[in-house]
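Peer 1: Sequence:
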Amino acid sequence: MSRFLDRCNALFQVRPGEWPRVAVFGSYLGLLVANLIIINSFNDAAFLSANPVSLLPYLFMASSAAL
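Going by the working numbering, the residue at position 1 of the sequence shown is 572; the numbering climbs one at a time, nothing skipped.
Just so you know, these hints were derived from the structure itself, not from any lab. Please read all numbers here as calculations on a predicted model, not as lab measurements. There's no promise every hint is true.
[Stated by the list, open to error] What follows is a set of in silico ranges between Cβ atoms, one per label pair, in the way DEER data are often shown:
no.: 1; residue 1: Val604; residue 2: Ala636; range: 39 to 47 Å
no.: 2; residue 1: Ala605; residue 2: Leu627; range: 32 to 40 Å
no.: 3; residue 1: Leu582; residue 2: Val624; range: 44 to 52 Å
no.: 4; residue 1: Leu582; residue 2: Ile609; range: 26 to 34 Å
no.: 5; residue 1: Gln584; residue 2: Ala621; range: 43 to 51 Å
no.: 6; residue 1: Tyr599; residue 2: Pro623; range: 32 to 40 Å
no.: 7; residue 1: Leu607; residue 2: Ala581; range: 56 to 64 Å
Backbone N, C-alpha and C fix where the C-beta goes; we use that ideal spot for every residue, glycine too.
I would like the entire structure built from these sequences, with the hints used as guidance.
Peer 2: Dropping the structure here:
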């Protein structure tokens, strides 16, 4: 197992003792991605409940242009 951790340390340039911080940051990143997926799904559903499906491509273009 230590050989695996040594390879991971070399690959990701993580110093010994930093893995708890890496795990917390990775969990935070995973929660952000999950939140983004949920919010985008809710946004599309809310848009489709008030507008026809034919306007959906314009929503995608407008959201891309806004970024």
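Peer 1: If a hint holds in the structure, say so; if it doesn't, say that too.
Peer 2: Here is how each hint holds up against the structure:
At roughly 23 Å, the beta carbons of Val604 and Ala636 sit outside the given window of 39 to 47 Å. Judged by the Cβ atoms, the range 32 to 40 Å given for Ala605 and Leu627 is violated: they are separated by roughly 23 Å. The given range of 44 to 52 Å is respected by Leu582 and Val624, whose C-beta atoms sit roughly 45 Å from each other. At roughly 31 Å, the beta-carbon separation of Leu582 and Ile609 lies within the given 26 to 34 Å, and the hint holds.
For Gln584 and Ala621, the Cβ-Cβ distance of about 48 Å falls inside the hinted range of 43 to 51 Å, so the restraint holds. At about 38 Å, the beta-carbon gap between Tyr599 and Pro623 stays in the expected band of 32 to 40 Å. In this structure the supplied range 56 to 64 Å is violated for Leu607 paired with Ala581, their Cβ-Cβ distance being about 31 Å.
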